[in-house]
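Enquirer: Here's the letter readout for the chains.
Protein chains: 2
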Amino acid sequence: MKRADRLFQIVNFLQGRRMAVTAERIADEFDISMRTVYRDIRDLITTGVPINGEAGVGYMLDKSYYLPPMTFDVEELEVLMLGAAMVSSWTDKDMSVSARTLIKKVRNALSERDRETFEGIALFAPPSRARLPWAINFSDLRKAVRKKEKLILDYADEQGRATERTIRPLSLVFMGPVWMMLGWCELRSDFRNFRLDRMQKVTHTGELFEDTPETALQTYLDSMGICDGLKL
Amino acid sequence: MKRADRLFQIVNFLQGRRMAVTAERIADEFDISMRTVYRDIRDLITTGVPINGEAGVGYMLDKSYYLPPMTFDVEELEVLMLGAAMVSSWTDKDMSVSARTLIKKVRNALSERDRETFEGIALFAPPSRARLPWAINFSDLRKAVRKKEKLILDYADEQGRATERTIRPLSLVFMGPVWMMLGWCELRSDFRNFRLDRMQKVTHTGELFEDTPETALQTYLDSMGICDGLKL
DNA sequence: CACTATCCTGACAATTTTTGTCAGTATGCT
DNA sequence: AGCATACTGACAAAAATTGTCAGGATAGTG
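As they're listed, the protein sequences go chains A and B. Going left to right, the first sequence walks through residues 162 to 393 as our numbering numbers them. Going left to right, the second sequence walks through residues 162 to 393 as our numbering numbers them.
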């Protein structure tokens, strides 16, 4: 089991690096010869790990997440499939595509026999009347949450008055058919929820923020008495 | 890579069997000695596969699904997390628990560094006003879809009239804040959608059904012109 | 262009891991 | 008690992995 283990660790070693890594560097790290590194990389690639090698440069791993073998029970796998299907129907094009890829990947990994079990378990028809159109892009918001990038929001409030605010995006909240973004509003110096369907325009500032005790997501959750039940 | 492969196949071999399988049987199947089987099983168990061995009986695998190592990109993993969170908030207690377990399992499989990326991406507050209470159990329906078990439904239609029908549950559909069950209604000999919040009682008949060309999910989808966009 | 840094491959012996054999113990079932 | 089976340790046999060496190929650079 030594080799299988090392393969996993090599991926980990490659993960999250900006610069290419040479075979020599890897050989050094794991105390193996370069020849073995080449063999390991070859095997990783054939099992689907997106490593790119370039002569004269080194190895780069596409930004990806390598999960070790895992066992799920039927419920967990059903959550995965159901969840991906919900996301596919209720977010935007980009995520919908990813959701489908995810479902396909997982389905393909199952045995023939098991695949049927998860046929048609869930199906989703987001009724157009319930789903208000967005002027903005869901994925942009998601990325901003992930990167902790401040956004400038052109927003129409409940009375339809347009405002422009700088916010720190903290989380996305799904309320029935409506998506909201929870953010720290720099104008009001407080937490605010913004409906995605009321956002007119989102401008990326490129400016990143750090969580402070006052502006962190956890603070908001605590203040709302949300401890575990709803928080992810 | 031969061993790692065989380990995976052994799990597959064990999967979906009612009777215990002896080491001898496995040894035979894979052309290896029993000693090796014992070693393989030991290693599988230490990597978390839920195999139970009993002296005098053989091996049994808890009903579970073993996924091989897989790579996901950031979007796919986000779909997984987001989806599980949605399921956790929008279904019932049982699935909610499974969703949390799923999220924990996947998080634990990620490296320290990556774990942070998926912190607080999404958070869900199912507003109680939008979520109508159910008299029945979501998980029961899910299981019936999976098993293809006919159900007897006490249902209140739009005018509030109570009816009792035998249906073949085909799929669960999430429409905004409302869940529906799509089924083939034996009373009307046609497809019908039933809102979960209008179901008064669900009786399990124990009777299983086979899809026929007339009653299959695919037929319904085709008739609705749903081809790919919404189907899972 | 030549040069460097690197990826990549084949062959084969050295090394390490896996496997089989054997001998024995432990445990659940009838 | 007797049987069927899981399980373990020791050690030699077999197989896989690894290192070494001797190349070839290719991207980037002066």
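Source of the hints: derived by calculation from the structure; they are not laboratory data. A hint or two may mislead.
Given that identical chains are not distinguished, each listed pair holds provided it fits within a single copy or across any two copies.
Claimed, not checked - Here are the simulated DSS-like cross-link-like pairs (lysine-lysine), alpha carbons at most 30 Å apart as the crow flies:
hint	residue 1	residue 2
1	266	163
2	308	163
3	224	304
4	311	265
Values in this document were obtained by computation on a predicted structure and should not be read as measured data.
Enquirer: Hints first: check each against the structure and report whether it holds.
Expert: Checked hints:
1. Taking the shortest Cα distances, residue 266 and residue 163 sit within 30 Å of each other both inside one copy (27 Å) and across copies (23 Å).
2. For the identical chains of this complex, residue 308 and residue 163 are neighbours neither inside a copy (36 Å) nor across copies (41 Å), given an alpha-carbon limit of 30 Å.
3. In this assembly of identical chains, residue 224 and residue 304 lie within 30 Å of each other by CA distance solely inside one copy; the values are 14 Å within and 37 Å between copies.
4. In this assembly of identical chains, residue 311 and residue 265 lie within 30 Å of each other by CA distance solely across copies; the values are 29 Å between and 34 Å within a copy.
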